[in-house]
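Chemist: Sequences listed follow chains B and S, in order. Those letters in the first sequence? Residues 3 to 368, per this note's numbering, in order. Those letters in the second sequence? Residues 199 to 506, per this note's numbering, in order.
These aren't lab readings, by the way, just hints derived from the structure by calculation. Heads up, some of the hints might be wrong.
[Said to hold, decoys possible] To give an idea of the chain S side of the interface with chain B (calculated C-beta under 10 angstroms), a few residues:
hint	residue
1	G298
2	T306
3	F311
[Stated by the list, open to error] With the C-beta cut set under 7 angstroms, the calculated list includes, among others, these residues of chain S facing chain B:
hint	residue
4	L289
5	G300
6	L304
7	K314
8	G425
9	Y478
10	S489
11	S490
12	P491
[Stated by the list, open to error] Simulated pairs of lysine to any residue, SDA-like, Cα-Cα distance not exceeding 20 angstroms:
hint	chain 1	residue 1	chain 2	residue 2
13	B	K191	S	G468
14	S	K320	S	N264
15	S	K314	B	F48
16	S	K314	B	D333
17	S	K314	B	V51
18	B	K191	S	Y470
Keep in mind it's a predicted model, so treat the numbers as computed, not measured. By construction, the Cβ of each residue, glycine as well, lies at the ideal position given by its N, Cα and C atoms.
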Amino acid sequence: MEAVAALPANAGTRAPLASDAVRRAAEGLLIPLGALAVSMLLFGVFVLVLGKDPIAVYQLIWKGAFSTSFAWQNTLQRAAPLILTALCVAIPARAGLIVIGAEGALVLGGLAAAVSGHLLSGHAPLAVQLAMALAAMTAGAAWIALAGGLRHFRGVNETIGSLLLTYIAIALFNHFVEGPLRDPASLNKPSTMPIDEASMVGNLPGLDVHWGLVFGVVFCLACHVLVRHTVAGFALRVVGGNVRAARLAGLPVGALILGSCAVGGAAAGLAGMVEVAAVHGSANASLIAGYGYAGILVAFIARHNPLAIVPVAILVGGINASGSILQRRLDLPDATVLVLQGIAFMAILAAETLYGRARLFQPRGA
Amino acid sequence: MESEALGWYGVPIAVLGGAIRVSTPFLFVSLGECLTERSGRINLGLEGVLVMGAMSGYAVSFLTGNAWVGVLVAGLAGMALGLLHGLVCSLPRVSDIAVGIGLMLLGTGLAFFLGKPYVQPKAPTLPALHLGDWSASPQIQAALQINVLFLAGIALAIAMAWAFRATRWGLIVRMVGDSADAARAMGYPVAAVRTLCTAAGGFLAGVGGSFLSLYYPGSWNEGLSSGQGLMAVALVIFARWRPLACFWAALLFGGAGAIGPALQSVGVTGGYYLFNAAPYVLTLAIMIFTSSPNRTLAGAPGELSVTR
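One chain only, chain S, in its complex shape:
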């Protein structure tokens, strides 16, 4: 419908606009996961954290009438779940991968349970910046409606890249992630640093979830997230644990997610489900091409269980 005037030329524009819209949750979740994995732990439960963030953000936005309070509470809810993961994983002999699966089930279960009353009502959503008003074309205007959270995500990616490279905190996180023994010898509390990183990563994933319910698609229901949290985990591996690469990877994944709706808008309806599976296929293909059975991945934190 949107792309009728431009015909097939509308498809790449719609994909670009979709990439910007769809990529924001990917960006936040992958930055959060990047921080967690850099500290030497993997949190596979960010899918559950994302759904919980989406629900709590929407519910609080509805109750308070302020979408930004919703974003904050979504982050705090995510942080609580991240903290739970971090604390349970600090117990000896507990597998972080298994706890992540448990957190995925717990987070979605809690969100469905607590979010039941908020499926119907309409909550205030986040405003958009209209950066495309210079153009007469409604397609370009629609594509360049950008949310503040997207810009915040870019700023955060740059800040994280700088912090990892140039700050004391960044160095501590990297050292804990690369060699727990070295960190312990230097007198840094390994488990505490990892738990904090997991909690902070949960905060970011919760904010990413609130984008889903408060901006695009902009409502809360039980089918809101379809594996974005999990794909973001794979995306971090693809981005080689570099925050700036996470940004480009998130754009790529957002674009893949936008192919289905964009083609539908120009009348290609056959294979709708197959086009919607494009992000999963892309994720799997990327993992196949970037992984190797024989060597550890370049840039992988040394303590990370998932790459060993």
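Excised from the complex, chain B in its bound form:
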């Protein structure tokens, strides 16, 4: 289509000038920030129409998310699973796939972690934690790789396929948690058997934030190195850029697509393990909290850049964390943060059209 033809040629042989890189970076930073500012304005109008004071709303969001060390800890606690579920969108996106099944990988990962943690109870805590992480990552990786495989081998659209797999995963999760794997002692809230207190993932030293945040940041750094600084990562980006060219160059397209889906799924599965082993202590309906969907938003705002995911996840986690204070103080429904996120998502997507438009950001040779 004509839109594709208008893209600047990417594969220049000359080394890009340093100032060109700065211009690129400025474009990549200013356009999303501008879109976020516009969405804040639109949300402010929405709030105003409903008869509330937008300034007060934003003050409360700030207060609930970032003002005190308690708020920060709450925010970081929520950012940890978002970082991991966002990777589940961002890594397959490098191969040109729009996978939105992180929620399914998260609940299955959580279930696998809870089961393995209970089966191994009594062993050394570190071994149990490793086994839980491994089980969760395997479950998540297999689930998202299934969506990638259906895409590659059967041509099933991966966006629809991965979302259908999410619904199936939640049905499986409910079946097992309320049926064969239910702890008879969990009366009001069906849960699996709890894992040992000693095997729980603890908090970072001196903070009220669990280790899941570190898992997420390390996973992001690893993905950044993988995508930017390895041969496999380069091949992955070629597949995402032009699958036909990748085939002609003899790249193993199927393995790259399945591999990227598996890495993303492993991240989302690990998010489930973190939620089970650091927060809930067993697998129950609290796992289905929409982290997978918020992760899609995080990945798109970060433009599928693993390093940008961390600050964006903290921002979105902060907005989520402020939901309860908005409810208490201004009597706004808990879906308020969903509306803000939805508006931000649409603004970010509409802003895609601005890339490559402003002269200021273009390399001087072009």
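Following the hints, put chain S in place on chain B, whose structure we already have.
Modeler: What follows is chain S alone, placed relative to chain B:
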């Protein structure tokens, strides 16, 4: 409970009745999506539009006391969201798939936000036509309670099939969907036609949503829709973008959705969640069997990004 008198024979009757009840939202959403996709764009956000339609229809029905006004407003709300999708996608280099995901989140968020006060109150719902009164069996009577919207959906499917084939408007939509270059050469505004088709598709999806809250299950809560909007998108691919095939596919999906409750009514309670997952598994199975990695699908609009 309903099927006690007939025992196991009640299951197929309950599935048939359920298919008619459950299929109506599928039918409306898939017809709307069919129109949108025929014009060359895909709107994955109809799940959000459906939920928004369900909420606004229920709220307006409660406020005005007239369920039909609710249906109309649900359609208009859906149209507004469809218009938003169409306009954002008209910007160059914006992916319609990504905007659909955004619309899904925005629509459900807005519906949960605005619908909070209407979870408790009881709104007037749509009346049913009792077509089964000739039978003495209460099961058959229950199965043949048909809503007017179901009949309207059938009429709409027939009208759309005719319009695509035999009218000037239908030809313009198909041409825009099959080759934007050809349409541009003929002097038709491609983006405007697509935006209108997306808005009209949003209207139909909103009406489908109002059926959920105003007839069956007939109340508004945040768990009302469980992916019907998304399944309808897959259903259009299965129906090969033909409105009449959309009708049969919607009946099939409705039947799959009715298996769980029907089996529960004869006392099969084990695996309740697994039976409820039947529509998703069916959708996925159909997509696996009808898609192919090597060729584009027969009947697919040439400009559609999802099949390329």
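Chemist: Please go over all the hints and tell whether each is borne out by the structure.
Modeler: Results of checking the hints against the structure:
Evaluation of the S:G298 hint against chain B yields a held restraint, the C-beta minimum of about 8 angstroms falling below 10 angstroms. For S:T306, the shortest C-beta to C-beta distance to chain B is roughly 7 angstroms, which falls under 10 angstroms, so the interface hint holds. The interface hint given for S:F311 holds, since its Cβ lies 4 angstroms from the closest Cβ of chain B, which is under the 10 angstroms cut-off. For the restraint placing S:L289 at the interface with chain B, the shortest Cβ-Cβ distance is roughly 4 angstroms, inside the 7 angstroms limit, so the hint holds.
Nearest Cβ of chain B to the Cβ of S:G300: about 4 angstroms, under the 7 angstroms cut. The hint holds. Nearest Cβ of chain B to the Cβ of S:L304: about 3 angstroms, under the 7 angstroms cut. The hint holds. With a least beta-carbon distance of about 4 angstroms to chain B, the hint placing S:K314 at the interface is held under the 7 angstroms criterion. Taken as an interface hint, S:G425 checks out: its beta carbon lies about 5 angstroms from the nearest beta carbon of chain B, inside 7 angstroms.
Contact between S:Y478 and chain B, as hinted, is supported at the beta carbon level, the nearest pair being about 4 angstroms apart and thus within 7 angstroms. The interface hint given for S:S489 holds, since its Cβ lies 4 angstroms from the closest Cβ of chain B, which is under the 7 angstroms cut-off. Interface restraint check for S:S490: the shortest CB-CB distance to chain B comes to about 5 angstroms, inside 7 angstroms, so the restraint holds. Among the interface hints, the one on S:P491 holds; its C-beta lies about 4 angstroms from the nearest C-beta in chain B, closer than the 7 angstroms criterion.
Taking the CA atoms of B:K191 and S:G468, the gap is near 19 angstroms; set against the 20 angstroms cutoff, the hint holds. For the hint pairing S:K320 with S:N264, the CA-to-CA distance comes to about 12 angstroms; that is within 20 angstroms, so the pair holds. Annotation: proposed proximity of S:K314 to B:F48 holds, straight-line Cα distance about 16 angstroms (limit 20 angstroms). Simply put, S:K314 and B:D333 have alpha-carbon atoms about 11 angstroms apart, close enough for the 20 angstroms limit, and the pair holds.
With a C-alpha separation of about 17 angstroms, the suggested pairing of S:K314 with B:V51 holds against the 20 angstroms cut-off. A C-alpha spacing of about 17 angstroms is found between B:K191 and S:Y470, which places the hinted pair at or below 20 angstroms, so the restraint holds.
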